[in-house]
Amino acid sequence: MNKLLLILPLLLPLYGAILCLFFWFRPRAQKIVSLLAQLGLVSASLYLLLHVNSAGIIKTQIGSWPAPFGITLVADLFSCLMVLSSSIIGLALIVYSLQGLDGARQRFGYYPLVLLLQLGIGGACLTGDLFNLFVWFELLLICCFVLISLGGTKAQLEGAIKYVTINIIASSILLMGIGVVYGTLGSLNMAELASLVRMPETDTSLVSMAGMFFLLAFGIKSAVFPLFFWLPASYHTPPIAISAFIGGLITKVGVYALVRTFTLIFAINLELSLPLIMLIAGFTMVIGVLGAAAQKDFRKILSFHIVSQIGYMVMGLAIYTPLALAGSIFFIIHNILVKTNLFLISGVVAQRHGSFGLKKLGGVYLLQPVLALLFVLSAFSLAGIPPFSGFWGKFMLAKAGFDAQDYTIVATSLAVSLFTIFSMTKIWNEVFWKKKPAEAGVENTTHEMEPESAAARTTRRLMYVPVIFLTLLILYIGLYAEQLISLSGRAAEQLLNHELYIHVVLSK
Amino acid sequence: MEVLLCFVVGILFSVGLYFILHRHFFKLILGLMLFGLATNLFIFVIGRLTRGGSPIIAETSEVALEPFADPVPQALLLTAIVIGFGIQAFAIVLIRRVHQSFGTTDLDDLDTTEKIETPEKPEFE
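Here the protein sequences line up with chains P and U, keeping their order. Reminder that position 50 of the first sequence reads as 50 in the working numbering, one-by-one numbering, no gaps. Reminder that position 12 of the second sequence reads as 12 in the working numbering, one-by-one numbering, no gaps.
Hints should not be assumed to be uniformly reliable.
With a straight-line cut-off of 16 Å between C-alpha atoms, the simulated EDC-like cross-links for lysine to aspartate or glutamate are [as the list claims (entries may be wrong)]:
id	chain 1	residue 1	chain 2	residue 2
1	P	Lys-162	U	Asp-111
2	P	Lys-31	P	Asp-102
3	P	Lys-154	U	Asp-70
Note that these hints are calculated values from the structure, not bench results. Only a predicted model underlies this, so the values are computations on that prediction, with no experimental measurement involved.
From just these sequences and the hints, can you work out the full model?
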């Protein structure tokens with residue numbers, strides 16, 4: 001039973017992708033297959049979460065090799081939450097791309113790639129083996145490479161070349177870290193490593209060095225402060241369906257891996273690494289939000305905000321108390337949903353008005369009041385206005401910071417929230433509130449825009465579906481925060497209770 | 001032998017990084033490849049070198065004869081080489097496409113996404 005539960009979130013997207021390849025020349029069949037696979041994935045991961053929530057951490061050994069020798073799949077609450085939120089995002093994205101992505105890209109393997117990307121994310125979150133983690137990361141990266149360059153416009157190629165270069169280097173660094181871990185401790189199974197580093201007779205002098213390799217590699221992948229420059233240079237170049245998926249998810253998988261390895265394996269000599277992580281977190285927040293303030297493109301503002309929000313997630317790791325980690329987990333889930341939703345909204349705006357530039361847009365509020373409302377809800381949630389989901393994440397992080405007496409980082413995070421509101425207000429003013437700027441020479445007020453054809457209107461309505469769905473989810477998380485807060489609290493306890501993890505994985 | 005290999009790995013890393021920082025596309029590809037090779041060699045060396053002892057267990061005994069070479073780093077290495085091969089192939093094709101559509105071999109010319117928000121035609125004309 002455990003076996004099936006753990007393997008289903010990997011098998012469904014894999015089989016879906018393979019089936020899609022069989023229907024290469026029939027995009028319509030691909031759409032149906034990927035929708036079904038994605039629906040199955042959402043229900044499978046929801047069931048996995050419910051099961052883990054009631055039965056505790058579960059594991060399975062691939063090929064029935066006993067624990068430290070074979071590849072282990074482990075699901076605790078944190079990984080289940082990651083898998084579930086990524087599958088929900090995947091579902092929303094596939095529904096969006098039915099209308100929001102051009103036919104040419106859909107014909108050239110978009111759907112199988114998205115499913116394989118899901119497979120990579122699921123694998124990276126569920127694996128209990130370091131080298132296997134690397135392999136899943138490579139899988140999801142190569143899918144990202146292809147998705148970013150799919151279509152081959154000039155901007156995309158340029159973004160792709162930066163993305164590919166920096167990620168190949170990051171993967172090499174990760175591989176080196178894994179090599180150092182194996183060379184010093186002689187194992188790759190995360191549970192065995194966790195018990196090895198805590199044994200007094202183990203020589204742990206080199207383990208911190210390996211930890212720095214991991215910090216660097218996952219730092220590049222999750223775009224933290226000195227290593228984030230590739231992100232705003234590449235994330236806005238592909239079409240919105242792709243950049244919403246990649247921008248909403250991939251960096252968070254990096255944060256997930258960072259949290260996982262630093263709570264499980266590199267949880268020794270923390271007095272060295274935690275101040276460094278704290279410093280990184282603070283700078284990431286500030287630089288990201290300042291970068292966003294300077295931008296004049298809807299997607300680029302959002303891209304820089306990804307960087308800024310990563311700082312909050314890393315901040316929870318840096319404080320390293322149960323409440324702080326719970327805050328991080330809550331924040332990751334909230335951010336995956338909100339960020340993707342904001343990207344999708346920018347896509348809906350651009351589909352109607354043909355631009356992402358703040359200077360060219362305007363008057364959206366008059367034409368699409370519902371969309372404006374959806375944007376406001378998401379933007380408030382991102383900035384952390386009380387009833388919305390972002391508030392709870394920031395509240396937990398700030399409270400944990402006060403408890404741990406890290407006042408500087410709390411002050412920084414609160415100030416950054418203010419700047420986030422500033423950025424969101426800028427988008428609101430420029431895109432939704434101000435009058436639509438007159439096109440060169442033509443008096444063109446918002447009321448005289450060319451009427452939409454009936455087909456275009458249904459297209460646009462269908463594009464609203466995922467946006468409304470995600471907004472409802474965000475509202476649900478915000479208004480009924482109790483559930484997710486207690487879930488992430490227990491997930492954080494599981495993270496810090498390494499003996500439980502070790503016991504579950506290494507037991508027969 | 002290990003000392004010599006350490007220096008080889010170091011040199012490969014530095015040459016790889018130098019090429020990656022170079023402006024020319026071709027040097028970038030070379031650099032990425034050398035960097036990947038250096039990583040593979042690094043894993044090989046850090047997994048400890050044991051010469052002449054294969055980890056095959058004889059039929060008559062229960063355990064392998066000490067000293068034997070650890071097979072795991074070599075298995076990791078093989079996987080890493082295969083993955084690296086695929087990714088390098090993709091990178092080569094990507095760079096070729098970039099060269100085709102930009103008509104340049106200089107990475108410094110790839111700066112259009114930084115100014116993507118500028119309108120296609122000047123506003124005041």
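These are the hints, each one checked on the structure:
Using a Cα cut-off of 16 Å, the hinted pair Lys-162(P) and Asp-111(U) holds, with the two alpha carbons roughly 11 Å apart. With a C-alpha separation of about 13 Å, the suggested pairing of Lys-31(P) with Asp-102(P) holds against the 16 Å cut-off. Only pairs whose Cα atoms come within 16 Å are accepted, and Lys-154(P) paired with Asp-70(U) is rejected, the gap being roughly 47 Å.
Of the hints listed earlier, the one the structure fails to meet is number 3.
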